[in-house]
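Chemist: Sequence:
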Amino acid sequence: PKILRMIVALRKRTPDDIAEEETLLALYKAALGMA
Numbered sequence: 001p002k003i004l005r006m007i008v009a010l011r012k013r014t015p016d017d018i019a020e021e022e023t024l025l026a027l028y029k030a031a032l033g034m035a
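Counting in the working numbering, the sequence shown runs from 1 upward without gaps.
These are calculated hints, taken from the structure and not from any lab test.
Misleading hints may appear alongside valid ones.
As the list claims (entries may be wrong) - In the EDC-like style, the derived pairs of lysine to aspartate or glutamate whose C-alpha atoms are separated by at most 20 Å in a straight line are: (1) K12 <-> E22; (2) K2 <-> D17; (3) K2 <-> E21; (4) K29 <-> D17; (5) K2 <-> E22.
What the hints assert, rightly or not - Okay, the calculated beta carbon distance ranges per label pair: (6) R11 <-> G33: 28 to 34 Å; (7) K2 <-> A31: 18 to 24 Å; (8) K2 <-> A30: 17 to 23 Å; (9) G33 <-> K12: 28 to 34 Å; (10) L32 <-> I7: 16 to 22 Å; (11) K2 <-> T23: 18 to 24 Å; (12) A31 <-> M6: 14 to 20 Å; (13) K2 <-> A26: 17 to 23 Å; (14) L4 <-> Y28: 15 to 21 Å; (15) K29 <-> P1: 15 to 21 Å.
Note that beta-carbon positions come from the ideal geometry of N, C-alpha and C, so glycine has one too.
Build out the structure end to end from the sequences listed, making use of the hints.
Modeler: Here it is, written out as C-alpha cells:
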C-alpha cells in the first residue's frame, strides 16, 4: 500500500522536512473540509 511507502519515506526525512510536510498535509485537509 502507498501509505507504507510514505511511512518509510518519512523515517528518512529530517525534522524540518517532516514539519514542512505536516504543514502541507494540514492545508490539504483544510481544503478538503477535513480539518
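Chemist: Tell me the hint numbers this structure goes against, listed in increasing order.
Modeler: Those not satisfied: there are none.
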